[in-house]
Amino acid sequence: MSRFNKQYTGVYPILLLLLLVVTLLSIRYGAVEISLQEIYTSIRNWFTSSESMTLNERIFMEIRLPRAILCVVVGASLAVGGALMQSLFRNPIVEPGLVGTSSGAAFGAALYFVLGSAFQIPTAGEWALPIAACLGGIVATFLVFILAKSKHTGKSSIVALLLTGIAINALFISGVGFMSYMARDPQARSITFWTLGTLSGANWHSVLIVGLTSVVCISLALKYTKHLNALMIGEEEAQFIGINIKRLKLTILLINVVMVAVATAFTGVISFIGLIVPHLLRIM
Amino acid sequence: MNKYILGATLAIGLASCGRFGNKEEDQQVKGERIVSVSKQHSEIMYALGAEKNLVAVDISSTYPPAIKKLPTVGYHRALSLEGLLAAKPTLILHDGHSSIGPDHVVSQLKQLDIPMKEFSVKASTLDSTILLMREIGSYFGKEKQADSLCRILDADMKLAMEQAKAYQHKPKVLVIHFGQASNVYLVVTKKNTGAKMVEWAGGTMAVDDPKAMKQLSAEVVAKSDPDVILLTDFGYDRLKGSSDKISELPGVSSTKAFKNGHIYRVEEHDLIYFGPRTGKNVLALQKLIHPDEQVQ
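In order, the protein sequence lines correspond to chains A and B.
Residue numbering for the first sequence follows our numbering, beginning at 78 and increasing consecutively.
Residue numbering for the second sequence follows our numbering, beginning at 57 and increasing consecutively.
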């Protein structure tokens, strides 16, 4: 998490503008033709009387706009999660999924798809799936953390965390595979959709939840920039300059698991963003 | 060099935006715009001559051939919301919430108050198929056509049942759907609609399971040792029907069906659901699975 390089300061407004343009394009164009006029009236009607909205206006306001916003928010969460993990593990090829969060969440979701109705879980309505996924992500991450702890020192070394993460990941991905093998056709399809990652289920509830978690977690993460930069020099070196490594690791992992598990719970597993965005920004 | 690549990528990106231009269709059907996401309903609508307002179907609706001219909205269990709404439906016909998906698309359709209709009869038996044809017929005001379809189906089935009695031998039939994927086969079981048709045609099913379709390994396929193997169109066409390629399918080559050359192609829409042509399909199936004993 390096500081901004002054040489590239001018690039940031351009990137921001680009994000805005791409977002606007994505809400303007789609399989259903929605004119600029309809976009304008839908926003106006949204604040006044939502009952008198036409179908196209509702498609825009209830389907397309939340989808675009969720996309931006999830992208930001995964990117910051990736930067956190890469700094924590001092490894450039780490992404949030590596400590088991995404695969754990995917397993939680698969378990819900296949066995949810069989166990007659008191239905939490549309929240049941996100909760199951979130729990799966948290369980997997803490499993990694516990298993990676060395008996002799009581500390978890970064290499041990990384290796355990990969092992747990493999285990949970096999679990997802087994679930989709057992599942009936519609369930198997839901699992496939979910492991591919999709934003098409977005609504204002998901935007609100993912948005709030992201804002809180990202602002917390930014507070730890200096600590993580110090950690980049080396674990022991960081300890010498007075950083509580054990607490730092736990905090960063916690921020990451909450942020990624919540995002993954609503959109499914989206990979690569967490890996590549920190690298792209590091160039600058 | 990189600049050129970037430029070219941008140009391609911008050019492809034309795809999303959504030019209004020239041909506007007046009144209702129906999207059918059930292959069974689509076929019955065509048979009744009630297809006038049908504007789009799901990708599994493949009969009659004329239906392929209609735009498709994806597979009925993997629908895309905007793809569906781009057809501007005033009514979506489906056969139950368990057969349409994904869930979030169904809830979005409900949220947008898109009218959806599910006929009360689920045609999983011959009697219920007749009821369904009558229900769809009366919905579209085509009662007479529905009556005649039911009479034809009845007559064909009577003939088929009569002929089935004459067959001495009941061949064991294995139906492989979609062919081989890595090393497993999706096999139709006794619980499937197709199984009933095989039984009416005077055969027995080689595989049973609580699920209507089951993924089986090559070993189990070999062990079931069927007399006849039916491959649905997609899987068969991928092998181009060549016996060399069929012989390479693990498990299949050691069966009696392969040794005696009794591996045939069936159209998915002839076997997987009941409809107005079921009687004729059973008659065709009889000839297919009893190649050695033809009834006069």
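Each hint should be verified, as a subset may be incorrect.
Residues from chain B that keep clear of chain A, each with C-beta distances beyond 12 Å, as calculated [stated by the list, open to error]:
#, residue
1, Gly105
2, His132
3, Leu182
4, Ser204
5, Ala211
6, Lys267
Derived list of chain B stretches under chain A, where covered just means 3 residues or more per stretch with a C-beta under 8 Å from a C-beta of chain A [stated by the list, open to error]:
#, region
7, 190–203
8, 246–258
Please keep in mind that the hints were generated in silico from the structure rather than gathered at the bench.
A virtual CB, placed ideally from N, CA and C, is assigned to each residue, including glycine.
Here is what the structure says about each hint:
1. Gly105: 30 Å, holds
2. His132: Contrary to the label, histidine 132/B does not stay out of reach of chain A, its closest Cβ about 10 Å off (not over 12 Å).
3. Leu182: 24 Å, holds
4. Ser204: 34 Å, holds
5. Ala211: 34 Å, holds
6. Lys267: Violated, since 6 Å does not exceed 12 Å.
7. 190–203: violated (count 0)
8. 246–258: It is violated: at least three residues are needed, and the region 246–258 of chain B offers just 0 whose Cβ sits closer than 8 Å to chain A.
Comparing the model with each numbered hint stated earlier shows that hints 2, 6, 7, 8 do not hold.
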